[in-house]
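Protein sequences appear in the order of chains A and B. Going by my numbering, the first sequence opens with residue 631, and the numbers climb by one from there. Going by my numbering, the second sequence opens with residue 631, and the numbers climb by one from there.
Source of the hints: derived by calculation from the structure; they are not laboratory data. Glycine residues also receive a C-beta, built at the ideal position from the N, C-alpha and C atoms. Errors might be hidden in some of the hints.
DSSO-like cross-link-like pairs, simulated, lysine-lysine; straight-line CA separation at most 30 Å [stated by the list, open to error]:
#1 B:Lys943 - A:Lys943
#2 A:Lys856 - B:Lys826
#3 B:Lys856 - B:Lys679
#4 A:Lys856 - B:Lys943
#5 A:Lys826 - B:Lys915
#6 B:Lys943 - B:Lys856
#7 A:Lys985 - B:Lys943
#8 B:Lys985 - A:Lys915
#9 A:Lys986 - A:Lys856
#10 A:Lys842 - B:Lys943
#11 A:Lys943 - A:Lys856
#12 B:Lys986 - A:Lys856
Heads up, incomplete: computed chain A residues facing chain B, CB under 10 Å, no partners named [said to hold, decoys possible]:
#13 Phe1027
#14 Val1033
#15 Arg1049
#16 Gly1051
Number of protein chains: 2
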Amino acid sequence: MESTTRLLLPEVVDSLETDPEQMLDLANELHAADLADLAQALSPELSQKLFTVLPPELGADILENCEQDRRTELFENLASESISAATAITDVMAADDRVDMLAELQPELRNQLLAHMDEEESRDIRQLLAYQDDSAGSLMTTDYVALRAETTAEGAIEEIRVIAQEMETIYQAYAVDPNGTLLGVISLRDLVTAPKGSTLAEIMNPNIITTKAEDDQEEVARLIAKYDLLALPVVDHHHHLVGIITIDDAIDIVEEEATEDMQRLGAVDPLEGAYISTPFIELIKARLPWLVILFLAVQLTPYVLEHFTRMHKNAIMLSWFIPLIASSGGNSGTQSASLIIRALAMGRLQLSDAKKVLARETMVGLLLGLTLALIGVSAILARPATRIAGLALTIAFALVTVVTLGALLGSGIPMLLQRLGIDPAVSSTPFIASIVDVSSLIIYFEVANIFLG
Amino acid sequence: MESTTRLLLPEVVDSLETDPEQMLDLANELHAADLADLAQALSPELSQKLFTVLPPELGADILENCEQDRRTELFENLASESISAATAITDVMAADDRVDMLAELQPELRNQLLAHMDEEESRDIRQLLAYQDDSAGSLMTTDYVALRAETTAEGAIEEIRVIAQEMETIYQAYAVDPNGTLLGVISLRDLVTAPKGSTLAEIMNPNIITTKAEDDQEEVARLIAKYDLLALPVVDHHHHLVGIITIDDAIDIVEEEATEDMQRLGAVDPLEGAYISTPFIELIKARLPWLVILFLAVQLTPYVLEHFTRMHKNAIMLSWFIPLIASSGGNSGTQSASLIIRALAMGRLQLSDAKKVLARETMVGLLLGLTLALIGVSAILARPATRIAGLALTIAFALVTVVTLGALLGSGIPMLLQRLGIDPAVSSTPFIASIVDVSSLIIYFEVANIFLG
């Protein structure tokens, strides 16, 4: 809960319980995002009351600013109390948020709401609902400004003035032909500064960056960020304009994708909502499978160790350094993986650079490994109990090798996955560390066989 | 390199070498972001040529779309060849990008460019240069639309039309009093749809979300994302408007902050630029200190192991399971840390929830640990060499304990750091894993003392 919410919550609860008029005044002074924070902090009964006290437009503003999972909860809770209050709100919600919310609702409630809309509207929504989650189609709004190319700039401004209220943005308008084919984009800035009498065809930009409805949201965000677009038009396979995605959605996507990648990197399946509101069972489902996979991956280590310790006279002493060696390899691998996975996700590293990356990581690994070896050997030689030349050499060689191997696997595995068309972030850092772990042990004892054999 | 760049590069190289006119045609057809990609892929000589062939406006567009580190390189390279071409470009660059670039240049070159500007301009820039890197002041542009509150909507549109060319955005205008105090915000949408004759004072929104020039860029991005702002006004301590930050900068900040957090999570100091263009020495500087710290953190493990193995008759057999136990604790800690650190960074988890989080992580840890224990014990009992009840009990108890401890430390340490005002992301996942490693070993052998006495 943010501090504004914490401070205002008692006043809101009090107003709702005793003086709904006062609640309306308060709501009109607050930003919708803050009002949404408050609504999410209320009890189910009081949140129902909030939505019935406020006009549907404010109710819609609140829902548009809620976390996705909490929004569904709030709305279903309201609908269970008053279906008419619920339909009044869906009638005035922004087209893209409305579809997103409808997609999350219980099927019976969704159908009830769709039945209440006029036929064209409900057909449009059913069409939008059919787009895959996380696709451009599921994100876009159909409330965009489309104009004929022969309109003049003044005429366009006049048209925009009339329809502005219902549009997601009026800062970008789109010139289309009678079939809906996208011809060009015109910003309101262009319209306002256009010489008198010029037509859209004359001032529009015909080099349009577009996306297809089935494209992934990651690509949408990348295009908007790269080309500094206020809105990205979505077209079908005939280049007909079917919707637009605005830049404020792109920020949300960038945040969401980064969160998902960080969770994957930490060996957690991406959560649907915020950590704190994720049900216990969902948290287990997101974590248990990966933890089990990682556990199975290191099941080989007892066999490897048994094999080596049975044949080695210094087995006990060597075992003291297992965590040191294994964790150094794992850490070096984690460093490389975090750098490479993020660079690949941001499109700032191409697979054509793979050789250069591997060569670099080898050099980095050797240098890092040598430094650790220097420290490790000093620590060993400083203690009478371990002041054995063979042991020092073993630790030194093992450290250089496993740190270099870590850097190579940490950079190589993500690039290999990208090559195979798999999201590199699934090769979580614990996964890289586990692979390095097993290899580290083998290397360590083989080196020991040479120097302490 | 993106595929567009790869495809066009030969044509660009050819045009620059043989037919500069053709290069100009090509440049006019391309989007500035793609042109920037191409410029960054050219040799130093050809990039100099590109900037001298293109008009300064296109040169400015290119630099505005480059990666920060490459931009400095390209510009310094151009300035070394032709200082007049360089000054022509800085004259037409967007105010915020120009300041960002000047901040990165060699001091002599910077002073040379400042000396070339008129006095007022160079004073403005010196003022902007004084703001701390990553602060709102360093990001803002001074090219915003400020209007008097008594202006009519039509008058405002007329004023905007005249100055539109020089403004970063015209979609948000700001009403100020004669002292420059910010009174309200008006969108171009409000202006276009305002009833005839209404003044800004009547239609403006006086509830303005603002930021201070010294605020951190993370806060700037959070405000823009939360309130869906197209631009965020920056004010000084007297509430005078001093600049604005636009939403396209917020996307870049969100991406940059997520990249930095991911690198910190992977125990790497955030890189200045892209991985692939980071000099080798910078890569070492970002990684070596953390790797050494982590290595020092596990220096205790040989002592712990020596202590326990010397006193335990089953030491060799117990050593086989060290990687299994330690990595399970580390993985569980990594999972918790990735979830909690991201939730804290996004402001979606508050420290007031700390108790709830720790209680939850304990339950999650116990359940995850029990599952791993079940698998681990089955594997042990399946092999004649390890079919020993005491060993099975040791592994089971140790797994449950270290996995729970991992979940607790992985969530607790980041929250503790946040409490102390330290960025939780510095408690990288390898750091959490190392702490869990050391504790795991002690727990494991203590448990073994009980069951294998």
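Taking the hints in turn, this is what the structure says about them:
no., hint, in the structure
1, B:Lys943 - A:Lys943, "holds (16 Å)"
2, A:Lys856 - B:Lys826, "violated (39 Å)"
3, B:Lys856 - B:Lys679, "violated (44 Å)"
4, A:Lys856 - B:Lys943, "violated (64 Å)"
5, A:Lys826 - B:Lys915, "violated (59 Å)"
6, B:Lys943 - B:Lys856, "violated (61 Å)"
7, A:Lys985 - B:Lys943, "violated (50 Å)"
8, B:Lys985 - A:Lys915, "holds (22 Å)"
9, A:Lys986 - A:Lys856, "holds (25 Å)"
10, A:Lys842 - B:Lys943, "violated (68 Å)"
11, A:Lys943 - A:Lys856, "violated (61 Å)"
12, B:Lys986 - A:Lys856, "violated (40 Å)"
13, Phe1027, "violated (16 Å)"
14, Val1033, "holds (8 Å)"
15, Arg1049, "violated (16 Å)"
16, Gly1051, "violated (16 Å)"
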